[in-house]
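Asker: Sequence:
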Amino acid sequence: MDEYTSEIFMGGKNTIVLHNTCEDSLLAAPIILDLVLLAELSTRIQLKAEGEGKFHSFHPVATILSYLTKAPLVPPGTPVVNALSKQRAMLENILRACIGLSPENNMILEYK
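87 is the number that numbering that gives the first Met the number 0 gives to position 88 of the sequence shown; each next residue is one higher, with no gaps.
Think of the hints as simulated: they come from the structure by calculation, not from any bench.
Any given hint could be a false lead.
Now the in silico label distances, taken between C-beta atoms and shown as ranges [unchecked claim]:
id	residue 1	residue 2	range
1	I98	C21	33 to 41 Å
2	L94	M0	41 to 49 Å
3	E22	C97	31 to 39 Å
4	L72	N19	24 to 32 Å
5	K69	E39	17 to 25 Å
6	T68	I7	41 to 49 Å
7	K69	E22	13 to 21 Å
8	S84	S24	23 to 31 Å
All C-beta atoms in this analysis are idealised placements derived from N, C-alpha and C, irrespective of residue type, glycine included.
Taking the hints into account, I'd like the entire structure generated from these sequences.
Answerer: Given below as structure tokens:
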């Protein structure tokens, strides 16, 4: 509860009381859970390109989490994808690859 008091004409006082029920954090809780689960999943995924000898993990800055964040953070030199539909398609295609299905479009895995 916030209370603001000000003086008005002829020595009077004006008090404004605001009751603010913050439920934004309740709305964000499922998104935070999804972020944690995707972040944990991304630590388990390893990939390699043709011709590479060893598998490697995703970059520590997990671009696949950008779908659930307001401003995507990407590793240096990686193209920033701000389009929500492209971010979702990237996430769906990476999850498709995890279960052995082919991607529906370019995942830009060379930057992951």
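Asker: Look at each hint and say if it fits the structure.
Answerer: Do the hints match the structure? See the list:
1. I98 / C21: 33 to 41 Å: holds, 39 Å
2. L94 / M0: 41 to 49 Å: holds, 44 Å
3. E22 / C97: 31 to 39 Å: Holds: the Cβ-Cβ distance is about 34 Å, inside 31 to 39 Å.
4. L72 / N19: 24 to 32 Å: Given a distance of about 30 Å, which is inside 24 to 32 Å, the answer is holds.
5. K69 / E39: 17 to 25 Å: The hint (17 to 25 Å, Cβ to Cβ) holds, given that K69 and E39 are roughly 21 Å apart.
6. T68 / I7: 41 to 49 Å: Once the Cβ atoms are compared, 45 Å apart, the range 41 to 49 Å for I7 and T68 holds.
7. K69 / E22: 13 to 21 Å: holds, 18 Å
8. S84 / S24: 23 to 31 Å: Because 27 Å falls inside the window, the suggested range holds.
In this structure, every one of the numbered hints holds.
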